[in-house]
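Please take these sequences and the hints and turn them into a complete structure.
Number of protein chains: 2
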Amino acid sequence: MYTNIQQISGGITAPNGFLASGVCCGLKTSGNDLAIIYSQKSSVAAAVFTANRFQAAPISISKQHLASASTIQAIVANSGCANCATGEQGLKDAQRMTEVVAAGINISADSVLVASTGKIGTFLMMDRIETGINNALSLLAKDGNLSAAEAIMTTDTRPKQAAVELIIQGKQVRIGGMAKGAGMIAPNMATMLAFLTTDAVLPRELLASMLQEAVNVSFNSITIDGDTSTNDMVAILANGASGVVMNELELNIFQTGLNLVCLELAAMMVKDAEGATKLIRIHIKNAPDQDKGRKIGLSIANSTLVKCAMFGADPNWGRILAAIGNAGVEIDLKDVDIYVDRLQLVKNSCATGFDPSLAHQLLSANEIELTVDMKQGTQEAIVLGCDITEEYVSFNAHYST
Amino acid sequence: MYTNIQQISGGITAPNGFLASGVCCGLKTSGNDLAIIYSQKSSVAAAVFTANRFQAAPISISKQHLASASTIQAIVANSGCANCATGEQGLKDAQRMTEVVAAGINISADSVLVASTGKIGTFLMMDRIETGINNALSLLAKDGNLSAAEAIMTTDTRPKQAAVELIIQGKQVRIGGMAKGAGMIAPNMATMLAFLTTDAVLPRELLASMLQEAVNVSFNSITIDGDTSTNDMVAILANGASGVVMNELELNIFQTGLNLVCLELAAMMVKDAEGATKLIRIHIKNAPDQDKGRKIGLSIANSTLVKCAMFGADPNWGRILAAIGNAGVEIDLKDVDIYVDRLQLVKNSCATGFDPSLAHQLLSANEIELTVDMKQGTQEAIVLGCDITEEYVSFNAHYST
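Protein chains in written order, with this note's numbering: chain A, 7 to 407; chain B, 7 to 407.
None of these hints come from the bench; they were simulated from the model.
Just so it is clear, the structure is predicted and the values come from calculations on it, not from any experiment.
Honestly, I wouldn't trust all of these hints.
Remember, identical chains collapse to one label, so a pair may be satisfied in a single copy or spanning two.
[Unchecked claim] Distance condition first, Cα-Cα at most 35 Å in a straight line; then the derived DSBU-like pairs of lysine-lysine:
1. K69 with K98
2. K301 with K148
3. K47 with K98
4. K177 with K69
5. K340 with K69
6. K381 with K47
7. K381 with K301
8. K148 with K381
9. K340 with K47
10. K301 with K291
11. K277 with K301
12. K177 with K98
13. K34 with K177
14. K34 with K47
Printed below as a string of structure tokens:
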């Protein structure tokens, strides 16, 4: 099935009919800080928003627009200010951003989604934003993907883009994406944003369920420090420009492609986590279901003690067992096996008498693979995490607002 | 009501009819490592065990004994080895510990509880344990409380004891306790153990519900790093030696006294947390109920980003708001107020324009008081936490098993 899928360049504008731009309007001290993604045809859209109950103004406005509009044609996003904890004024400003975009391209404001990331508790500088939006609209282009990806960066050290091309019914169907996020580790609370585009023909409900599945195996399966932001948002636009209506098998191929784009963006985020030195890939095997597997993986990845041990290359499997037991999953833990790469540390929940110097060596790599065999079913889950370092604490502590 | 309660010395043996001892039998490199608490009369007992689904052998055995025996007369506890991830042999060893104690004082093994703390994944050195138990039995004494408290220490820097005396019906009713725990931060997984004694007359079911309430407001309201251990246990023995049968009002006084003993022991643990420099007291006001308030407080206390900010004395209230939103509590967050001491940082979920240098100064203290007013009800909860430091990461990383 994978032979029909190949990675391509072009990011968010790789699919047919999408333009983008990114401009600098002075919200950050330097660099692009406002992005627009535009579909030349009206698109169906779906989004997944932060699970944090405290939600920023652009989240509220985007939710409203998704609920009221049947199609979405543009997304506007800024960095440098999260427009969060800004009350009524914040809602007006977020709504105003969509109105300025809509006026410039002659669509309804309801057809525009809005996202913000950056400093919390400050108001948007709306004069700069309005100038920036008009500037960005005039620069919309097929090759605007990199500028747009740069414009949503905050503590990210590099722009994050991915795209794939599927051959379905002999035609090209493309999925593109861009994202920002380096863990919830920035002084003013970093946010995870991801925007996706496709020229596939997809009904709205199906698009929503496919996005949710892709988010579950990617963005919901990574963790830097277990915190969620008030501004997290993943949105997808599907404009149908390929003309390809897919059957069930083809939809499975599409889902795989969408998962791949999201996974690639998610892995870029973990690798870009500030104050971390190692990528940790946790593979939960033989779990009763994917959700329980993911919860166990996230519990391991979020354990500060496990993260410390990974930093120190210490094969401290007791902490991994305790994190499994702490995952809130009703499951029998009598027969758990744990491996680092192929070295077995734990067999049937007891020590194996492994060689600690070999384990230390395996844990000294930049990328660590932990495998946990639950022997409780047939499902699996993969979670990506990272270590914690003195630098992480220092970076997040020694900052004065 | 508090005028009837006063703090006294004597720890675990302060109540009438209890003896204790602590001896060194060579499980640790130095110091006492085996403790026995003994009631001269048979006692009713209750206990709260770790919520971690992965449970050490002594937890299993103590649960069995509590379920099968109508009374409990002794508790044996060792440090230096957690007897965890030790399979069938571990269960036999834990049971054997209770049998050796029982044989020495001529009671049934079912009437003995057992607890272990220390290194995970190694077996108990049973020859040393058996010698130690017999030695400890011969040393049981009214003034054995300090030796016993020392014998359960692992990474603790000091023994932890507390006791109160209540005057009820003109008679003395006493509650004593000892504990160990310095956060789940020791290389081999530290454990929280607390043992309590009282000479009050209490039926078993009532004792159990009173213990649970005391644990909720104390040990379940502190957090170092959000991890739970496989060996955590809080147990209480009530031997009725005071002869005082309490009415409902008097039971409320007793509950207050029990809460005080547990709170004092819990605060000692947080203050002893290695790699932390500050005690953080989080007061959640006007919550819909205590449980929701506690969840919100724990979410703040467990947020790595909040802990970093507290270490750096950074008034980063956005992280506190995000942690509240991340608490998993269904609650309206539109009108949250946040204070450091009496300085208001957030009003109705928006910034107040406070003086950052004053906030920084307040957050530079050794003990920090954060108050969160939810304006959603009339209940309150208090949670104790601590900061995270580079030293914490270093301590927990640079250890080789």
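These are the hints, each one checked on the structure:
Proximity of K69 and K98 under a CA criterion of 35 Å is satisfied intra-copy only: 14 Å inside one chain copy versus 59 Å between copies. Taking the shortest alpha-carbon separations for K301 and K148, neither the intra-copy value of 40 Å nor the inter-copy value of 48 Å comes in at or below 35 Å. Taking the shortest Cα distances, K47 and K98 sit within 35 Å of each other inside one copy (27 Å), while across copies they are farther apart (72 Å). For the identical chains of this complex, K177 and K69 are intra-copy neighbours only, at 33 Å inside a copy versus 65 Å across copies, given an alpha-carbon limit of 35 Å.
Within a single copy, K340 and K69 get their C-alpha atoms only as close as 45 Å, which misses the 35 Å cut-off; across copies the closest is 17 Å, which meets it. With identical chains, the CA atoms of K381 and K47 are never at most 35 Å apart, being 49 Å at best within one copy and 47 Å at best between copies. Taking the shortest Cα distances, K381 and K301 sit within 35 Å of each other both inside one copy (16 Å) and across copies (32 Å). In this homomeric assembly, K148 and K381 never come within 35 Å of each other (Cα to Cα): the closest approach is 49 Å inside a single copy and 50 Å across copies.
Within a single copy, K340 and K47 get their C-alpha atoms no closer than 56 Å, and across copies no closer than 38 Å, so neither meets the 35 Å cut-off. Proximity of K301 and K291 under a CA criterion of 35 Å is satisfied in both settings, with 13 Å inside one chain copy and 31 Å between copies. Taking CA atoms no more than 35 Å apart as the test, K277 paired with K301 passes in both settings, with 21 Å inside one copy and 31 Å between copies. In the homo-oligomer, the alpha carbons of K177 and K98 never lie at most 35 Å apart, since the shortest distance is 43 Å inside one protomer and 67 Å across protomers.
Taking the shortest alpha-carbon separations for K34 and K177, neither the intra-copy value of 42 Å nor the inter-copy value of 70 Å comes in at or below 35 Å. In this assembly of identical chains, the alpha carbons of K34 and K47 lie at most 35 Å apart only when taken from the same copy (32 Å versus 73 Å across copies).
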